[in-house]
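Asks: The residues making up each chain are set out below.
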Amino acid sequence: MSPSVRYLLNRLGFYLIAAWAAITLNFFIPRMMPGDPASIMFANFRGKLKPEALEALKQTFGITDAPIFSQYLDYITHLFKGDLGVSIAYFPQPVSSVVISGLAWTLFLVGISLILSFAIGTIIGMYIAWNRDGKLDSILPPGFALLSAFPYFFTAMILLYVFGFKYGWFPIRHAYSSNITPEFSIPFIMSALYHVFLPACTLVFMGIGGWMLAMRNSMITTISTDYISFAKARGLSERRIMFYYAAKNAILPIITSFGMAIGFALNGAILTEIIFSYPGQGYILFEAVKSQDFQLMQGIFLTITLSVLAANWIIDILVLALDPRTRK
Amino acid sequence: MNRNWLSRLCNNSKSRIGISIVSFFIIIAIIGPFFFPEPNAYVDAPLLEPSLEHIFGTTGQGQDVLAQTIAGSRSTLFIGLSAGMLVVFLGLLIGSIAGYFGGRADDLLSLLINVFLLMPGLPLMVIIAAWLPPGPYSILSVLVFTGWAWNARVLRSQVLSLRQRDYVFAAIINGESNMRVIIYEIWPKMISLITSSFIGATIYTIGAQVGLEFLGLGDVNKVTWGNNLYWATNDLALLTGSWWTYVPTGLCIALVSFGMTLINYGIDEISNPRLLSERLVKEKYPFIFNRNGSTPVVRTSPSE
Amino acid sequence: MNKVLEVKNLSVDFLMDSGSFKAVDHVSFDIHKNETFGLVGESGSGKSTIVKTILRILPAPGVITNGQILYNKDDILSMDESSMASLRWKSISIVKQKALNSLNPLLKIKNQIMDTIQSHISISKIDVMSRCNELMDMVGLDQSYLNSFPHELSGGMRQRVVIAIALALQPDLIIMDEPTTALDVVSEKEIILKILELKKKLGFSILFITHDLELILEFADRVGVMRYGKLVDVDSSKVIKSGGNHEYSKKLINSIPRLEAGKDTNKDVMFDPIITVTGLTKIFQKHSSLFSSKGEQVLNDISFDLNKNEIIGLVGESGSGKSTIAKILTKLLKYEGGRVEFNGVNLSDIKGKESLLKFRKTIQMVFQDPFASLNSIHTVYSILSRSILIHRSLSNLSKRERKKAIEKEMLSILSEVGLSPPETFIYKFPHEMSGGERQRISLARALIANPQVIIADEPTSMLDMSVRMDILDLFMKLKKDKKISIIFITHDIASACYISDRIIILKKGKIVDSGPSDEIINNPGHSYSKLLIDSCESGWYTKQ
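Residue numbers (the working numbering), protein chains in the order written: chain R, 102 to 429; chain P, 6 to 309; chain F, 113 to 656.
Just chain R, same shape as in the assembly (with noise of 0.2 Å):
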């Protein structure tokens, strides 16, 4: 086994185990709680609900009077048959169907917040790092930090309202206008691209300053290097020195962040999707607080983590291809 191989092996059972830790704090939450889970969404519906219904929801929460590890087990036996439970918020759909459409929607708008944000971040930050100091370097860091301090959701309502509501260059709500049908055509997929435009917009102004200042600070480390210096003695262009011999080298331990990053901006895309009601995980997921839908706020909590820990082992892979030396 190449010891590659065995390193990516390693960090998939690191993974699983925090699978399997995700899975175990989703059991154990409710039960830990006071009161017992049931008789709380009881109380919360004030009574909406039917004694038998009640009892419908007791079985598919798995709360029995059985002991707690047979509860377990048949709570992992469902997740494995893809059985999370029955929806409330979005009643009587099953949890399983809402999460898995919400996901396809939040990846997109992830998916491309994020390479344009550690795409143009990184760009930016590693040209003010090779002029630091400089006019550039005293307004661009503090100006994107005075951006990102906002909340999330604070600067999609600005966006909203300016853009959205007052101009209507864009619209307010939705992933796509109602009257096209899904599916994979142009105008489906201009309309898409339309209406992820102002939630995106959100994530990549508040993410940009997080790269750049990243990127800052790796080139700075990676530029009082002997082989910079070395690179300059020997009459290397700064062009050459500023992309082969420093970003290259200093861009390696950001892309090794991805992975963190990507938790990062799965909460601001929460926020942000909730504000422009943009039918993703956290749409559903505010959905699912309104209603007090616990099945489905559990059954969310499991695909974000699982989605995570997925393209974190993505990441692991493209770091390895990246850099040489873990290849030894």
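There are no misleading hints in this set.
Keeping only pairs whose Cα atoms sit at most 30 Å apart, straight-line, the calculated BS3-like set for lysine-lysine is:
1) R/Lys349 with P/Lys287
2) F/Lys120 with P/Lys287
3) F/Lys465 with P/Lys194
4) F/Lys301 with F/Lys222
5) F/Lys620 with F/Lys306
Keep in mind that the hints were calculated from the coordinates and are not lab data.
Given the coordinates of chain R, assemble chains P and F onto it according to the supplied hints.
Replies: Just chains P and F now, kept in the frame of chain R:
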């Protein structure tokens, strides 16, 4: 040397601005509510635009926005700072144990840290907060539970590298107990990092707190910045175009976070000796200084 | 004679918060064609600064404040950026210390050589490749390594690549800035011989910077001696070797330890072992994960004794395992096999607070790096008082009495290690003292515990040559006056012989030779010992 560090921080322009902003809000949080004892009181017709009478206008329930904003600062900042401190303290403790003792303890703790880091923060916070009874302690626990891992990792790697210094070995060989070594030899070298971690943690806790309250998971009857925004959305601020119900609070949140970020920039700048060196040359010889070019020649005496 | 480089009255300042610091003070010297010129000085003397100034790659906060550097009658200090760019490498190139880090980890070797060539001359791809091949041959490296990444080559090989890059454009002058400091003595000699062979073949001048006077006198034509930014002496090697024209040169010459057993060695050694090591093995576990656990055998079946009143020299290159032995003996590291006994007690049996403290009183250590062994945030007072509190029973005294006792003890120990007047040192911070003074403080800290054994891990290798002998003499005095046994760890067999009664030679984790110092020198039992001794002897270059 610590005194020197503090004075350099105060001299740095970025951190000076940051410190002033944050101090301003802290002062408001402490004495402000005395001037506005009843922020939830009905003062006038709902959704009035800002005027001389009500500088920030009124909310959808006829409350004074200025009063709400000022009153909200106390709860948000207090919980934010306390959670920030708890997060850093927990992270420092766990990170130090993992980094100092190594071996099995480190393997286990690192696994724990990495698992927590990977789990998406907001969804986790949401489901925990949804189950917990609303109140400040719930928010505090949720924030600390989801936020400690980041600092633990950062602080751990610093402890790990300091652990291998000769002076640490020398102290151990001389007979010092492990606890003394950690507290007196290692932690003092981490002041910069601990401070910036605390500030970063507080930025996080304020943002997360606001986010949770915005979703309605806080105690909606208390006056906090997050709740202000929750009620503003509930009262259809967007659709009625009543921007004044949420902009002031949003601005305050942003300014506090921004101020803290500036302080961290300052810490960063004074901790990096190369930036300092370059700035010294640039200040004295601004016209000749070329950051990426050849060493400058400045003749102070005639050559022979 | 044609002059390649003329340095006239060069001055360089370093700007600081509070004023500026003169790193180079009106230095003048010339380098002739085809000459090997050595620039010698201790750390901080300014020699590295001069080198970076010649190519004007000195980073901030350095500024050049005076002088001229003439290359073929053009003043480098008046050149604009484009002339500088073409001067660099085509006319003057540089090989730096620790070349291990001079190469971009993400580019293949061939790309880095090609980079250099292509940024100066426009040349076809085929020609560039053949030049690369040529260069690899010149430095004695297999051409297949052109397609490797830097981390796939050993330290010595990377150094050769850097030399190849330096030669790429056939410069007139190659500057070598302590190019062999990080290498072991054997590789060091190999590299130098190779460079000199190339110099003869291709015809270029060399400016060789080093702190090792002994080394440079072997092969340089002329030598310049620097101190505190000034050039105090410059003359032919022959003259410098016999003491030079300045008292500082004379002092440096005299501080080179001769390869002969010290006069006080092998006296009063009692054959009563304090430490007995039998069959010690240590394996370093590379961080094991779920699927792999590779180990590196760092120590293999080590056995030796340390007697009362004895100094043993543990000699070996970096990576031979000598520091590992030190860390195992002080219980900083665990070991996998074998047995270590302290006064009859097994080392692994020493557990628990009390016995551990007792153990700490028997063995102490002094480290290699004077800058790293004292925590910069503590004053001498806080460092030493901690040691006093731990090792002297002062708990039944009142607070005031305790303070007095601490001070008294501190002053006495400071005088013992040769710091006088002792009162002036008590409230100093580490950065306010010189390297030699810091080592003495570390020694003081160790002595307070009244140990039976002191391990000195390369205590002088990072000190200036002029203070080394003093520290070595201090160790010998401690053995004589306080009857402390010492394990002296070093890579320099000459200084080991100077103070040790017995010598143990270590190679790659195994003991290859051991015996009394004079025997080792005159009758080395192993080829490796012979190798070490030979590379110490003067005249190794002229013998070639």
